[in-house]
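Generate coordinates for the entire structure from the input sequences, incorporating the hints supplied.
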Amino acid sequence: MELKRVLWIEDQAFEDAQDFSGPVNTSGEYRLEVAEDASAAVRALAKGPFAAVIVDIRIRPGNDQEWVDLFQRRGGNKVRARLGRHLLYSLLKPAAAEVKLKSVPKWIKPEGFGVLSVEGRGEVSGDLHQLKVSNMETKTAETPKTALLDMLNRITSD
Amino acid sequence: MKQTDLVKQALERISLWDMPIGVYAVAEDGSFAECNKQARKMLGLDTDGEVTGSMKSYYGNLSDRARAIANVQAAEQKGAFAGAQVVPLEIDGTLHWAEVFCRTVRDPQKHGVIGFLGCIVDVSERERLRRLFDMLPAGVYRLDAEDRVVQINDALVKLLRYPSAESVLGRPVSSFFADENEAREFRRMIIQKRAVTNEKVRLLRENGEILFASVSSYAIPTTDGSYSGREGTIIDVSEEEHVRQILDEIPLGTYQVRIENGEEIIRDCNEPFLEMFDFDSPEQARGMNILALYRHPERDHPAFRRELMKKHKANGSLVGYPLEVTSVKGREFTIEVNSRPLSGPTDQLVLGRTGVVRDITEEVALWHFREDIGKMLHAYSSTLMMVRHVVDSGLELLRPRAAALEDLDGLDDADGLESALRDPTGEAIAQLTRLLELVETDERRKDALPLEKWDTLTRMLALFRDYRHLIPDRELWRPALRDAARIVCETLAAAKKRILPREAARAVRRAALAVERLCCVARFRQVRDSVITMDHQVRALREYVTSQVLELERPALAKASALITQAVRNLADFARSRGVDIRRADVSEGARVRVDERSVIRAISNLLHNAIKYSWKRSDDGPRWIAVRCRAQQHQVIIEIENYGVPIPPDEIEYDRVFEVGFRGRLSEDRGRLGTGVGLADARGIARKHDGDVVVASDPAVHGASRTDFEKPFVTIATLTLLVADSEERE
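Taken in sequence, the protein lines are chains C and L.
If you read the first sequence in the working numbering, its first letter stands for residue 1, the second for the next number, and so on.
If you read the second sequence in the working numbering, its first letter stands for residue 1001, the second for the next number, and so on.
Hint data in this document are derived by calculation from the structure and do not stem from the laboratory.
Glycine included, every Cβ here is placed at the ideal spot set by N, Cα and C.
One should not assume that every hint holds.
Unchecked claim - Each computed BS3-like pair below joins lysine-lysine, with the alpha-carbon atoms no more than 30 Å apart: (1) L/Lys1496 <-> C/Lys139; (2) C/Lys47 <-> C/Lys145; (3) L/Lys1712 <-> C/Lys100; (4) L/Lys1496 <-> C/Lys145; (5) L/Lys1453 <-> C/Lys4; (6) C/Lys145 <-> L/Lys1453; (7) C/Lys132 <-> C/Lys102; (8) L/Lys1712 <-> C/Lys47; (9) C/Lys102 <-> L/Lys1375.
To be verified - Some chain C residues flagged as far from chain L (calculated, every beta-carbon gap over 12 Å): (10) Thr26; (11) Val79; (12) Lys93; (13) Ala96; (14) Pro110; (15) Gly126; (16) Leu131.
Structure below.
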């Protein structure tokens, strides 16, 4: 069976959050690719399509200047800059985005996106409503390590 | 005979010298030839007999006389008499001002000047007033009935920045007001009240600049009492006004309290004071006993007065005194009082006090908040210690059974882990393949598990075989293999007994457990490293937060090398967990510094921690290492901490962003490195409190490499400088 390509945009994917990947990679359903920052995410998305894209809100800018500039303008740290949120706007609502991408891949649709981040739902619900992204999960110490897999299953089964 | 003719006859009998004004005649050299009674009286000469002496003796400066004579002769050359001249004369040791009307006396034959004839009047009083008018630092002016300027002194001309008095005279006073309405209002007020004192107005200078002036003026009445103009003084209060405006904007309350019948009564206060205490009007505040604003008057007022009087006796002011107060509407808050007593005729008698107060409620809350954070971080530090101990115990428990590894340190990177996993996964593949083949050869054995579970085992076998291809990122191999091993174990544990070949199943579980154990050891080591890193962060943050609350300890003499040794000791565990050697080079020759040791050790520890944290391997097979160099140069001890690894982009250094509290560089989270963004800021703060500094430089490790290629290693050097304690101090 061919594995579904999915993208996980998460700067802690190889560190604190790596255990979320185990259930995904043993599920036999998905080929999990990782982008650790906004620049890498844009490059990865250009090589889509992906059956699902899971985004962390607090990510770093990477090397692309427009993301570095936005990161600096927005306070110079990932907590304040919340580049994952800006990346979602660039992809799903370009007119309201601060970083305009040269092109947004046609396969990108809000239903294919989910947010897995430490932000509480209330902190991002306004944005997610605007962006029409309905899948959101808050990462806490109590979050099961199947959270990423569960979200991918929800998105890809819709 | 007409009366006028009678007067003419009488004039023949009246001498020039009988005039009711001083008249004198002197020779050219100033010797008196004649002097009438009035002149003698004025000049202090004998009133009877031959006049002696010289006019010259009355001049303190003979050039004044020469100038006066020159004026007389110059006028006469033009066929006129010189006008009145005011000259300074010294009479009986006192300076007098004399107004002189003078003409030459000429030789009847030769027509040359042989002397002078003059009238003299003592105008000292008038002259002093004129000079006072001209030389007063305050502006003085006079207006006519239509409010046009008829007189103005130099001070006011200068104050208004006009070139001369002439350029001002005759102009309507309204043209000097910034707002003509204000000019009309001032005139109305002066006519109504006859006089005003210290009225603040906005005037316009010649260059258009606004001048804040305090004007005191009174109306000049005509004989019937109506307004015929006014006179007054003007003082420049621009500076005070600007300060007052600033004070109104930065909410500093000013107040004055008078002691009346033993009570401390508010007599004056500014707008911010009124707002601070929720007063509706100045009248509501004035006359109130200030104790009504104390939250705990019985407790706090005696203590406040004691402190105030203590400072007063030392001829000082009470500064920065915190006081809990309440507004007139019952709102409770904390102010900082800066106050000075108002003394009476003797210093012992205090009539009241003036002061400046500032709302410090938020600062006090922040202070408590910092204390709370400090306590919380202390608790976290204890929790981390507990976690570390548990992780160590777990590691000890797993270690003997882990795959035969001589060096568990090899598990800390993806290459080492892959190499360590080769044999256990190979064994798991072999045993699982054998089991599945055995099941394949005997259909009855499939009953041991539901069909989908056999699919699961087949899928796990595929994962063990192909994880390098199925999972693109090698950092995610470990969690996948661990989960796969766990799934295999759990699946077989749930199988029906006596159906599966027992030994084969047991061999699969043993092999899978070995994979799981190895993956867990690797993960435990990552967790332990994270705990050690976080432990330093939490302790450093706690130190930083509490240092904002506590005073610096009394500085003590310490060897720079000893401070470094202590900091290195603090970081030894962290360096070991990161596999980083600390290489020291000390040529400071025992140089000593006078510092708060605890703070400076913290500063050095912060720099060391960064260096260790951001280190990469310098070569594939070599260890990671950082260099700590210490030297004494002139009056400074210079401590350099160098690492090779994560770059700091130039813009973050150029604009000192790396020294901002809470700032984390955009590359600082490379490989998930933890941080709080206070280490460098704290280190620099400590250094600067000791008259030293911290600077940072980060350059490509390879000579000539791009300064913006952040994939390549940079060499970063943090330099801490401290002042060497002087030799006398050391002795």
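- Status of C/Thr26, Cβ more than 12 Å from any chain L Cβ: 5 Å, violated
- Query: Would you say C/Lys93 is clear of chain L, with no C-beta pair closer than or equal to 12 Å?
  - Reply: 25 Å, holds
- Message: Does C/Lys47 sit within 30 Å of L/Lys1712, going by the straight-line distance between their CA atoms?
- Response: OK: L/Lys1712 and C/Lys47 at ~25 Å, within 30 Å.
- Message: Against the 30 Å threshold, does the CA-CA distance of L/Lys1712 and C/Lys100 hold or violate the hint?
- Response: Status holds; Cα separation ~29 Å.
- Task: Mind checking the alpha carbons of L/Lys1496 and C/Lys139 for me, to see if they're no more than 30 Å apart?
- Result: 38 Å, violated
- Distance restraint between L/Lys1453 and C/Lys4, which requires alpha-carbon spacing of 30 Å or less: 22 Å, holds
- CA of C/Lys132 to CA of C/Lys102, is that 30 Å or under? Between C/Lys132 and C/Lys102 the Cα gap is close to 22 Å, so the pair holds against 30 Å.
- Item | Reported absence of C/Pro110 from the contact zone with chain L (all CB gaps over 12 Å) | 26 Å, holds
- Task: Decide if the proposed pair is consistent with the structure: L/Lys1496 and C/Lys145, CA atoms, cutoff 30 Å inclusive.
- Result: 29 Å, holds
- Does the claim that C/Ala96 lies off the interface hold, with its Cβ farther than 12 Å from every Cβ of chain L? Holds: least Cβ distance 24 Å, greater than 12 Å.
- Verify the proposed pairing of C/Lys47 with C/Lys145, using a straight-line Cα cut of 30 Å. With Cα atoms ~27 Å apart, C/Lys47 and C/Lys145 stay inside 30 Å; holds.
- Task: Classify the label on C/Gly126 as holds or violated, using whether its beta-carbon is more than 12 Å from each beta-carbon of chain L.
- Result: 25 Å, holds
Of the hints listed earlier, those the structure fails to meet are numbers 1, 9, 10 and 11, in rising order.
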